[in-house]
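Trainee: Be aware that the sequence shown starts at 520, since it is given in our numbering, and climbs by one per residue.
Any given hint might turn out to be false.
As the list claims (entries may be wrong) - With beta-carbon atoms standing in for the labels, derived distance ranges:
id: 1; residue 1: GLY607; residue 2: PRO658; range: 46 to 56 Å
id: 2; residue 1: GLN545; residue 2: ASP662; range: 33 to 43 Å
id: 3; residue 1: VAL672; residue 2: LEU523; range: 30 to 40 Å
id: 4; residue 1: ARG609; residue 2: TRP665; range: 42 to 52 Å
id: 5; residue 1: PHE680; residue 2: GLY528; range: 29 to 39 Å
id: 6; residue 1: TYR522; residue 2: ALA663; range: 15 to 25 Å
Treat the hints as calculated values from the structure; they're not laboratory data. Glycine residues also receive a C-beta, built at the ideal position from the N, C-alpha and C atoms.
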Amino acid sequence: MAYLMHLLGLMFVVSIMGVAMHPLPQFGAGGLVVATLFSCAMLALLGGSFISIVLLLIYLGGMLVVFAYSVALAVDACEVVRDSWVVGVRLFVAVCVIMWFGELYTTFGEFSSLMNGIGDFCEVMPFPTEVQADVCGVPMLYDAGWVGLILCVVCLFVCLFVVLAITRGVACGGLRVF
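All chains should be modelled from the sequences, with the hints used to inform the complete structure.
Mentor: Here it is in structure tokens:
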């Protein structure tokens, strides 16, 4: 189980680095999908199956559609992947550096102390219905967490404009006039 979690974590970091290091937004969107899948798999393995499904649906159903729409408006018809080997070299060097720092941390620090409180949210609630704790958070989101819900809506709205600004090219991307 620990090896699988470490593998999923490493693949998550590699996919996020692929997003950051590739110059084309199409491949960035693909890297974000892969990173989302790995992070939701990590949450599901920790016992938060409900929250991982909700995050996957919200991300893939919301922001990825906006990102794909903006990229479709900003893409060039004859765009060629230039210097794709440079992206691979950057990714390889970044993975090696992260693994080296991770080895230093586990050698001189105690890694197991980080993992102590990670699975607390997946415990079974003490109700007779045997409901998981992450499912019980949904009514609290709408009852006492309405401020957080409004904050999430505002953050997603800001992310919409950030994505539109990122994909803006010479022709203004998703913000151009038809």
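Trainee: Each hint: holds or not?
Mentor: Cross-check of the supplied hints:
| no. | hint | verdict |
| --- | --- | --- |
| 1 | GLY607 / PRO658: 46 to 56 Å | 47 Å, holds |
| 2 | GLN545 / ASP662: 33 to 43 Å | 41 Å, holds |
| 3 | VAL672 / LEU523: 30 to 40 Å | 34 Å, holds |
| 4 | ARG609 / TRP665: 42 to 52 Å | 43 Å, holds |
| 5 | PHE680 / GLY528: 29 to 39 Å | 31 Å, holds |
| 6 | TYR522 / ALA663: 15 to 25 Å | 38 Å, violated |
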